[in-house]
Every structure is written in C-alpha cells, then in structure tokens.
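**Q** Take a look at the letters that make up each chain.
There are 2 protein chains.
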Amino acid sequence: MTTKKQKYDSGCPVAFALDAFGDQWSLLIIRDMAVRGARTYGELLKGWEGISTNILAQRLKHLEEKGLVTKRKDPENWRSFVYELTQKGRDLGPVLAEIMLWSGKYNTAPHAMTGTVEKVRSDRTGFEARIRSGELP
Amino acid sequence: MTTKKQKYDSGCPVAFALDAFGDQWSLLIIRDMAVRGARTYGELLKGWEGISTNILAQRLKHLEEKGLVTKRKDPENWRSFVYELTQKGRDLGPVLAEIMLWSGKYNTAPHAMTGTVEKVRSDRTGFEARIRSGELP
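Chains as they are written, first to last, in our numbering: chain A, 1 to 137; chain B, 1 to 137.
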C-alpha cells in the first residue's frame, strides 16, 4: 500500500485502478474531498465512518504517490496543509456515481442515504461535472 | 471482512458498496467471473494477479455473505463447486466499465491492456448487457 510499485502489475485496467484506490478507505477519502468539500486533515478525520488517524495518514500518502491527491501548505495557515484532488482524482466522479447508483438499488437499511442517491440519479451529468471541475458542493 | 456486519454503517452509498467489495481483490474476482467466465475455484485461482488460495477462499466467502456470489455443487462433478455472480453481482458491470475507462485514460504502461479498454469504450452498452445477462465472454 505504501510503495509506488504496483502490487499486481498485470496490465488489466481493473487491477491498475485497484492498485490506486482499491481498499476500504481510499474512495471514502476521495468522496469526502469530491462531494463533501473536505480539504484539511482535520476535516477528513471527521468523516462519517470514523477513520483512524494512522490509516488516514497512510492512505493520503498512498493517494499522493498515485497522483490522485496533492498536498500543499495552507496559504492562510502555514502550520497546516491543504489536500486537493488532482484531475486524475476528480476523474473518478463517474466511478463514484455508478457505485452510488448500485448501492441505491441494494441498500435497504432504514438509514440509507437515499436522498444522496436520488441526487445522482436525477442529475448525473451535473454531479460528475461538479466533481470534475473541483467545484465545492 | 468475514462477518456479515458492516464495518462502517454510515448509510452512505459509497461506504455500503465498499463494505461489500472494497478491497484489493474482490473486484478482480468479480471481473474473472463476469468477463473471463471463471466458474470454479481452480479457474479463479489462475487469475492474472496471482491471488493466494487463502485470500481467495476468504473473499469468496465474504462475497457470498454479501449476496454477490452463489456457490453450488457442480452438477457434472459432485466433488467440485461452481461459483456464479448473482444479479446483485452482475449489476456491478457499470462500475467495472467506469473503472476500466478511468484506467484506460491513466495507465500508460507499455503492457496496459488497451484493447480491453477499447472494447468497453466502443461498445459499453454491449459490455454491460453481457455481464448483466450472465452471458459468458
């Protein structure tokens, strides 16, 4: 996970993608940056699923190495950093959209966020365009 | 991974999906069943990426628990089993398609399977329909 080398370098496009974000947390971090507008470590740590600080740090480093996320000094607070999706990261919008539509079909739990799925279903083009442009929600 | 309880039950559609297949191997197993027509444990073990037998067994069990895969006795060989995607598993076709298109854009390795990506790009509807219908490649 923490090296630049691919774990399984078969050339298959599914394997290539999973090497970049195929774990239980990376797409949740990308979601928080793409959809919820999280930009700092503290904001990412406060995601809904309770990621631990060591896993967050490890995954951010990996996503940086894979070119999906950039890290820079916060111009407004030089002791802090800002994390942003690269174009490569923002191009995962359509992947997020399909994943959300699939879950919308199969998650029957009473607390399932059906409103979020409905937003994607009713305006998928807009959802993807907002992520692609880096526009905050 | 091996329990039916969700790891993080936030209600978010991305989290719901990652709880079912968000690891380095599950989507490769699903790819082997959906695209390459693998149906037996032996065929799945011979995937391109060299999955180990204990990880394969663990992931198949998890995918069964999540309702994406069924396991039954092979009618032609009662000492063997056949694994098949359920409708819920086959409905991941569009997710696989978007992942492949993303990799097609960013995997610049000389051995990247560009032909596979091109097939999806040129006939995405057909690709998804074949997976959805359970038709073998």
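These aren't lab readings, by the way, just hints derived from the structure by calculation.
One or more of the hints may lead you astray.
[Claimed, not checked] Heads up, simulated SDA-like pairs for lysine to any residue below, C-alpha to C-alpha not over 25 Å straight-line:
(1) K119(A) x Y41(B)
(2) K46(B) x S80(B)
(3) K119(B) x E128(A)
(4) K105(B) x Y41(B)
(5) K66(B) x K105(B)
(6) K105(B) x G126(B)
(7) K7(A) x S80(B)
(8) K73(B) x K105(B)
(9) K73(A) x P94(A)
(10) K71(B) x R130(B)
(11) K119(A) x Q24(B)
(12) K66(B) x G115(B)
(13) K71(B) x D91(A)
(14) K71(B) x R39(B)
(15) K71(A) x K105(B)
(16) K7(A) x S10(B)
(17) K61(B) x A109(A)
(18) K88(B) x D123(A)
(19) K88(A) x K119(B)
(20) K71(B) x T108(A)
(21) K88(B) x A109(B)
(22) K7(A) x I51(B)
(23) K88(B) x L45(B)
(24) K73(A) x K105(A)
(25) K66(A) x G42(B)
(26) K7(A) x T125(B)
(27) K119(B) x R132(B)
(28) K119(B) x K119(A)
(29) K7(A) x G115(B)
(30) K66(B) x G50(B)
(31) K88(B) x K66(A)
(32) K71(A) x T108(A)
(33) K105(B) x S52(B)
(34) K105(A) x D91(A)
(35) K7(A) x P75(B)
[Stated by the list, open to error] Pairwise CB distance ranges, derived in the manner of DEER restraints:
(36) R121(B) x T86(A): 20 to 28 Å
(37) R72(A) x A109(B): 22 to 30 Å
(38) K7(A) x K73(B): 40 to 48 Å
(39) T53(A) x A129(B): 43 to 51 Å
(40) G134(B) x R79(A): 34 to 42 Å
Cβ atoms here follow ideal geometry from the backbone N, Cα and C, with glycine treated the same way.
**Q** Broken hints, numbered, in rising order?
**A** 1, 4, 5, 7, 8, 9, 11, 12, 13, 16, 21, 24, 25, 26, 28, 31, 32, 33, 35, 38 and 40
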